[in-house]
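Visitor: Order-wise, the sequence lines are chains F, R and C. Sequential numbering from 1 applies to the first sequence in the numbering used here. Sequential numbering from 1 applies to the second sequence in the numbering used here. Sequential numbering from 1 applies to the third sequence in the numbering used here.
Hints should not be assumed to be uniformly reliable.
[As the list claims (entries may be wrong)] Pairs of lysine to aspartate or glutamate residues, derived as DMTMM-like cross-links and limited to a Cα-Cα distance of at most 20 Å, are as follows:
1. K155/C <-> D88/C
2. K268/C <-> E251/C
3. K155/C <-> D27/R
4. K183/F <-> E158/F
5. K70/C <-> D139/C
6. K211/F <-> D123/R
7. K2/R <-> D32/R
8. K150/F <-> E199/F
9. K44/C <-> E68/C
10. K70/C <-> D8/C
11. K155/C <-> E198/R
12. K70/C <-> E136/C
13. K2/R <-> E43/R
14. K179/C <-> E201/C
15. K2/R <-> D220/C
16. K209/R <-> E122/C
17. K209/R <-> D215/C
18. K268/C <-> E201/C
19. K183/F <-> E145/R
20. K179/C <-> D137/C
21. K155/C <-> D32/R
22. K209/R <-> E106/F
23. K155/C <-> D220/C
24. K210/F <-> D173/F
25. K183/F <-> E144/F
26. K268/C <-> D139/C
27. K209/R <-> D117/C
28. K268/C <-> D137/C
29. K179/C <-> D88/C
30. K209/R <-> D137/F
31. K183/F <-> E106/F
32. K121/F <-> E154/F
33. K183/F <-> E142/R
34. K210/F <-> D123/R
35. K150/F <-> E197/F
36. K155/C <-> D117/C
37. K209/R <-> E198/R
38. K150/F <-> D137/F
39. K211/F <-> E144/F
Bear in mind the hints are in silico, worked out from the structure with no lab data behind them.
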Amino acid sequence: MHSDTTGSWTPVALSADLPAGTVIPARISAGSIALWRSESGRLSASADRCPHRGMSLSHGFVRGEALSCIYHGWSYAQGGNCIRIPAHPGLTPPETIRARTFAVEEAGGVIWVAADETETKPPVLEGLTPLRSMTTDAGISAIETAAGTKASAEGLIEPAGGTLCLLVSARNDGQTLIHVLLKGETSPADRIAASREAESLRRAAEDLQKKGIAS
Amino acid sequence: MKLYDYILSPSCYKVRLMAALSGVSLDIRPVDFHPGLEHRGPELLALNPAGSIPILQDGDLILTESSAILVYLAAKAGPEWLASDKPEEAARVQQWLSFSGRLTASLGGARLHEMLLRPGDIDALQRQGVAALRELELGLVEQAERGMRFLAADRPTVADIACFPYVALAPDGGVSLDAYPAIRLWSRRLRSLDRFIEMPGVHRLHELKAEPTVEESKV
Amino acid sequence: MSMQAMIDEWYPVGIAAQLDTAGRNTLLMGEPIVVATDADGQAKVTGGNGRTLPVRIRYGHVWTSLGEPKKEVFPIPEADQPGRRYVDVGVVRVRCSPLRAVENFLDIAHFPFVHTDILGAEPHTEVQSYKVEIREDVDEVWATQVKFYQPQAAKSASGGITTEYMYRVPAPTCSVLYKTCPPRPSEWDVITLFVQPLTEELCDVWPWMALFDDDTPMTDLIHFQQTIFLQDRSILENQIPRLLPLDPGMEIPTRADLTSVAYRRWLKRHNYTYGAQLVAQ
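Pulled out of the complex, with its shape left as it was, chain F reads as follows (with noise of 0.2 Å):
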């Protein structure tokens, strides 16, 4: 990520991949998160680790305002706290039971998480509509060298001559995420054309990596 100008603020996930009702795993440089969205369109991020045994929280459900284990049914509220323990239905969880939380951001159909706490907002994308999410093998700069282009101060490499725009962000398990936008209006036709392109230069940018080109 390029943290001079985008802060501790890492482009997750695409809006349209998590409805409402929905939790998705994601990853900031603090580590595995659980990105859900209530019922009524809350965005909350939580520690992807259910507090009581461990368990990885982007694999529970989401009813009404909670985000509840999919282990044991404990549900938290979008701060975090635990608002409900099923094995002691008369019991209301001390506050002291909670998952961290971090603060999230959604402009123009991208979703941000910040690592830390910040006063400063995610950067603001002008005349750019997402169209998918993928990841990938390789680090930025072979992703940069397939482009022909290097990234902005905002992560986003446009390779010249197209409608193509990828956001890219490199992840601490060694993926680069990539989010695939597009410049100005496009027909289905262009929006299928322009995501096997993208398809294209991720498999040029992997076989950089694996051949060691990118360094």
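Model the placement of chains R and C on the given structure of chain F, informed by the hints.
Guide: Just chains R and C now, with coordinates in the frame of chain F:
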């Protein structure tokens, strides 16, 4: 209709799932695949010399390929699960039915290796599994652009049922599904269908049922 | 991690009825071992450097040890009662700590969410008080009077019943569950979880049962137990950390988890820490 079935087999699950969704009742004959290797025994080899399950027996019809069984169940009880007469749709159904065989070979092989200790080149199986998942993800992205929520149409077909089980159970074989948002949305759509049934490793979507209140839970 | 305390324990390494001369190449606590039959058809376990390891055949399985066991394989007196059927459920590999696999087996609160409509179902989620103790005379963890409402408690159950359980931990990676036996209310079904620690984060699990059930076909009994365990497997592979944390600050138990609390305390007391995380990281 008699199904020679193994509860942990994703291919057998395809058949159970299709039957549940189309309202067919099956006479289940459990096969001791693990640890007993009954599918390699004389009784089952007589039915299916390939030594694989599922096997569907209906009168004198014996089917041993899961895609063929899905088509048979759908034709009998749920024609809306088959392709319409649109050439593109019919071809897409065939495309994904064939593709599902690659999911079985890659993700299924990795799962058998990682879970039931069957032999195999695990790195190659997982790599092929990832390649297949990427193809499926791309296919679903393109379908979404065409305004279609499923693999061959805007409604689920036998093609979706053929592909879903090995994909949903990919993590059993050490292949993560985290990187495939279109697959996740598609999988959720299938799991939300009326009369959908699970198999071990595919958990219930508990959110489909309202949270019981404390008063009710004291019953 | 310390291997020493656990090295003198017995571990399951194969199904006795499935041994052959070709052998099973596997791992025990990181050491490559071969489990096979010798020329006389007797079970033989060979360690990494070619040394012959001690062997016992108990409860349908082959048991061995890398050290010098001070006791025999723990007794299950009920298993020797006449009229029981023995079920070799078969091995399942899980990418988790062997201790996490046992702890999950001791837990009932997950039934409604993980074994939905079989061992539990909402809204019947409440875990009533039960008794837990470390029995000093036998040096085992015991939980008794564990009761839970189950929609389909066993293959032989035809509807929902409140099932009573007793749990025993007689060895660090083994647990025995005694459970209401629908066809014979005065007896207990015996359901075990024998865990072979391959490494600290990888195990082969060998469930085994000794049941009073003359009617259910053997394959159905195997499939019922495999169903239950495979529902658990996806949980076990997604717990963080993979090792079982023994640091009390790392995970939060409630009253429903008293068996697990006692199990962790017992592990710590005996320095049974292969597969455990002692200090939070």
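Visitor: If a hint holds in the structure, say so; if it does not, say that too.
Guide: Status of each hint after checking the structure:
{"no.": "1", "hint": "K155/C <-> D88/C", "result": "15 Å, holds"}
{"no.": "2", "hint": "K268/C <-> E251/C", "result": "15 Å, holds"}
{"no.": "3", "hint": "K155/C <-> D27/R", "result": "17 Å, holds"}
{"no.": "4", "hint": "K183/F <-> E158/F", "result": "10 Å, holds"}
{"no.": "5", "hint": "K70/C <-> D139/C", "result": "13 Å, holds"}
{"no.": "6", "hint": "K211/F <-> D123/R", "result": "19 Å, holds"}
{"no.": "7", "hint": "K2/R <-> D32/R", "result": "16 Å, holds"}
{"no.": "8", "hint": "K150/F <-> E199/F", "result": "18 Å, holds"}
{"no.": "9", "hint": "K44/C <-> E68/C", "result": "16 Å, holds"}
{"no.": "10", "hint": "K70/C <-> D8/C", "result": "7 Å, holds"}
{"no.": "11", "hint": "K155/C <-> E198/R", "result": "18 Å, holds"}
{"no.": "12", "hint": "K70/C <-> E136/C", "result": "17 Å, holds"}
{"no.": "13", "hint": "K2/R <-> E43/R", "result": "15 Å, holds"}
{"no.": "14", "hint": "K179/C <-> E201/C", "result": "29 Å, violated"}
{"no.": "15", "hint": "K2/R <-> D220/C", "result": "16 Å, holds"}
{"no.": "16", "hint": "K209/R <-> E122/C", "result": "10 Å, holds"}
{"no.": "17", "hint": "K209/R <-> D215/C", "result": "35 Å, violated"}
{"no.": "18", "hint": "K268/C <-> E201/C", "result": "18 Å, holds"}
{"no.": "19", "hint": "K183/F <-> E145/R", "result": "16 Å, holds"}
{"no.": "20", "hint": "K179/C <-> D137/C", "result": "23 Å, violated"}
{"no.": "21", "hint": "K155/C <-> D32/R", "result": "16 Å, holds"}
{"no.": "22", "hint": "K209/R <-> E106/F", "result": "29 Å, violated"}
{"no.": "23", "hint": "K155/C <-> D220/C", "result": "7 Å, holds"}
{"no.": "24", "hint": "K210/F <-> D173/F", "result": "16 Å, holds"}
{"no.": "25", "hint": "K183/F <-> E144/F", "result": "18 Å, holds"}
{"no.": "26", "hint": "K268/C <-> D139/C", "result": "13 Å, holds"}
{"no.": "27", "hint": "K209/R <-> D117/C", "result": "13 Å, holds"}
{"no.": "28", "hint": "K268/C <-> D137/C", "result": "18 Å, holds"}
{"no.": "29", "hint": "K179/C <-> D88/C", "result": "18 Å, holds"}
{"no.": "30", "hint": "K209/R <-> D137/F", "result": "39 Å, violated"}
{"no.": "31", "hint": "K183/F <-> E106/F", "result": "19 Å, holds"}
{"no.": "32", "hint": "K121/F <-> E154/F", "result": "12 Å, holds"}
{"no.": "33", "hint": "K183/F <-> E142/R", "result": "18 Å, holds"}
{"no.": "34", "hint": "K210/F <-> D123/R", "result": "16 Å, holds"}
{"no.": "35", "hint": "K150/F <-> E197/F", "result": "18 Å, holds"}
{"no.": "36", "hint": "K155/C <-> D117/C", "result": "13 Å, holds"}
{"no.": "37", "hint": "K209/R <-> E198/R", "result": "15 Å, holds"}
{"no.": "38", "hint": "K150/F <-> D137/F", "result": "18 Å, holds"}
{"no.": "39", "hint": "K211/F <-> E144/F", "result": "15 Å, holds"}
Hints 14, 17, 20, 22, 30 from the earlier list are contradicted by this structure; the remaining hints agree with it.
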